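Undergrad: Here is what each chain is made of, one letter per residue.
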Amino acid sequence: MNAIKVFVPRDSAALAVGADDVAQALNQEAMTRGLSIEIVRNGSRGMFWLETLVEVQTPEGRVAYGPVKAKDVGSLLDAGMLEGKKHVLCLGVTESIPYLAKQERLTFARMGITDPISLSDYEAHDGWLGLRRALSMSGSDIVQALVDSGLRGRGGAAFPAGIKWRTVLGAVAQQKYIVCNADEGDSGTFSDRMTMEGDPYMLIEGMAIAGIAVGATQGYVYIRSEYPHAIRTMSEAIERATVAGYLGSNVCGSGRTFNLEVRKAAGAYVCGEETAMLESVEGKRGVVRAKPPLPALEGLFGQPTVINNVITLASVPLIMAKGANFYRDYGVGRSQGTLPFQLAGNIKHGGLVEKAFGLTLRELLYDFGGGSRSGRPIKAVQVGGPLGAYVPESQWDLPLDYEAYAAVGAVVGHGGIVVHDDTADMAKLARYAMEFCALESCGKCTPCRIGSTRGVEVIDRIRSNQNKDQQVHLLRDLCNTMLNGSLCAMGGMTPFPVLSALNHYPADFGVKVGDDENV
Amino acid sequence: MTNVINQQVSIERLIESHQSTQGALLPLLHAIQDAIGFIPPESVAQIAKGLNLSRAEVHGVITYYHFFRTEKPGKHVVQICRAESCQSCGSEELIQLAEKTLGCKVHHTTANGSVTLEPVYCLGLCASSPAIQVDEKLHAGVTAESLREILTQLEVK
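If you read the protein sequences in the order shown, they are chains A and B.
Residue numbering for the first sequence follows this note's numbering, starting at 1 and increasing by one per position.
Residue numbering for the second sequence follows this note's numbering, starting at 520 and increasing by one per position.
These aren't lab readings, by the way, just hints derived from the structure by calculation.
Any given hint could be a false lead.
Within a straight-line C-alpha distance of at most 20 Å, the following computed DMTMM-like cross-link-like pairs (lysine to aspartate or glutamate) qualify [unchecked claim]:
1. Lys71/A with Glu664/B
2. Lys69/A with Glu668/B
3. Lys444/A with Glu576/B
4. Lys428/A with Glu612/B
5. Lys624/B with Glu435/A
6. Lys656/B with Asp21/A
7. Lys428/A with Glu611/B
8. Lys69/A with Glu664/B
All figures in this text were calculated on a predicted structure; none of them were measured in a lab.
Work out the full structure, taking the sequences as your base and the hints as a guide.
TA: Put into structure tokens, the structure is as follows:
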């Protein structure tokens, strides 16, 4: 009899709720009972409230059980889990779980299905098709395909990826670089982490295509130190891909060179800003550089450099394999393709939801998220990380697209969505935004370095009712200075959460609606 | 004394193995911290000389990044996430509980040297907040009871 395949995720979020214990218990119980099983450590499906999500391969497809604890293993096997039989934790065929079935998984098509470090799994699930196709094309044709796909930078700034690549392609230099920004420091985001832990070859393939397209032979993945598992998985995947000839001095037998290296960050949030990241990769303090010169012309070690976020680069293989039109046909307006949204915070069904742009926050919060985890009404939703605005209920029906959000002073950013229930004190969260900026400011420009500290003080005075009207006025003035005078998004966008909290939740600041000039 | 000498020897070896790396300082500092748990301030001159940098540059980098330590941490390091997502699920209360249970404030080590308590800003487990990391091990969906249990176990060990 063939061993029955049982899948136990190795994603950090599964490990954090005891996935290793579950795998160990399964192994032990199977051995005791004389059952023949093969445990595959897959990536996560992204339904984190169901982790540890154990799946069993059956003739009807993969059947899911979750959330499984090690102590449940005995009763699961008793109930006939290995034949996909019923149990109180049985969720049916994985693909039919509505949370997954309703998604449009393009970039995350393999996520949770494959063994992340298995090259044969990757190959069997459409891996390397994009790279092979790219190797048969000229650099400018690859870049044109990317322009046509409408792909915009998924890190937050949403700059058209193809235009950036074209600039680097056109630059003349001895050495060019590809740098992947995997310094995913935004609270409420984990799609980069999932990609590196759950489908690392996709990112490797995307970076290799970028290298082939613009003529760069060296790439770096800058991964935050808070992601030890992602660092380990990426490093192992790079090693395996190099040995197998997908990286190195003869990429897929083409004679082209592309080498890749992991660089470990060191806990500075501002190094998610592209020029600060370059400084850090160069071994310096992660201080923001003034632009121009653009990194595309003078980037890493002064050479032309493509800098893209993990999800941007991970979207490239699919675009190359299936064509620009295939990707462009998803989405709305100038927000084309899909975004892996990340539902986080006080939400019942937190996880990864990849959908085309254009759905609404309300759909995400209730149709996918199932409302707050605490069961209390949802009060505020921060979209786009710590520098994103708090979005009030009146705006939950806006389509999630870059332009529609920008029009109301909000950002889609990296697609992180943090939910707060009605116990949240928005003045306290506004203070936290300033405090975080003070802690993480690189110190190069004054509005950010000094403004953030002054911001904490002003909000403290508002909260303790000292000269409130004047202090609110001062806070707006300060935010205006930071917004317009900062060198990068750190100081320039910290006013987003602060002002949105003040504007939409004035009562939390003790300000009556109508008292304040801009409400 | 032997410890100090061993430390110097191992740092010297790490410096040598990083000399041909482009932008070597961060990888080297990580390697040193991985090997001995922190970056001894007295090694700054040695690192600077090895990488042909000024001591100010090395000191500047070590002190810029939150991740690098210049003091030996406790036997265990407990990091509690205090970013927005975890805040929305009660991480501030967990920090207070940890401070009370351990009898030390964040950024400090317990008197017996068993635990260093630190804040962390996002572990990427935001769909299962609140999250903490104890040494290399992650815990998500942490409650007051589970935190108490984790801390008690650490102090026993």
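Undergrad: Take a quick look at whether Lys69/A and Glu668/B sit within 20 Å of each other, Cα to Cα.
TA: holds (17 Å)
Undergrad: Taking only the CA atoms, is the gap from Lys71/A to Glu664/B under or equal to 20 Å?
TA: holds (19 Å)
Undergrad: When you check the alpha-carbon spacing of Lys656/B and Asp21/A, does it fall within 20 Å?
TA: holds (12 Å)
Undergrad: Regarding the pair Lys428/A and Glu611/B, is the alpha-carbon distance no greater than 20 Å?
TA: The hint holds at about 12 Å.
Undergrad: Taken at face value, is the distance from the CA of Glu576/B to the CA of Lys444/A at most 20 Å?
TA: Holds - the C-alpha atoms of Glu576/B and Lys444/A are around 16 Å apart, at most 20 Å.
Undergrad: Holds or violated: Lys624/B with Glu435/A, Cα cutoff 20 Å?
TA: holds (18 Å)
Undergrad: Against the 20 Å threshold, does the CA-CA distance of Lys428/A and Glu612/B hold or violate the hint?
TA: holds (14 Å)
Undergrad: Lys69/A and Glu664/B: Cα distance at most 20 Å?
TA: holds (17 Å)
Every hint, counting from the list given before, is met by this structure.
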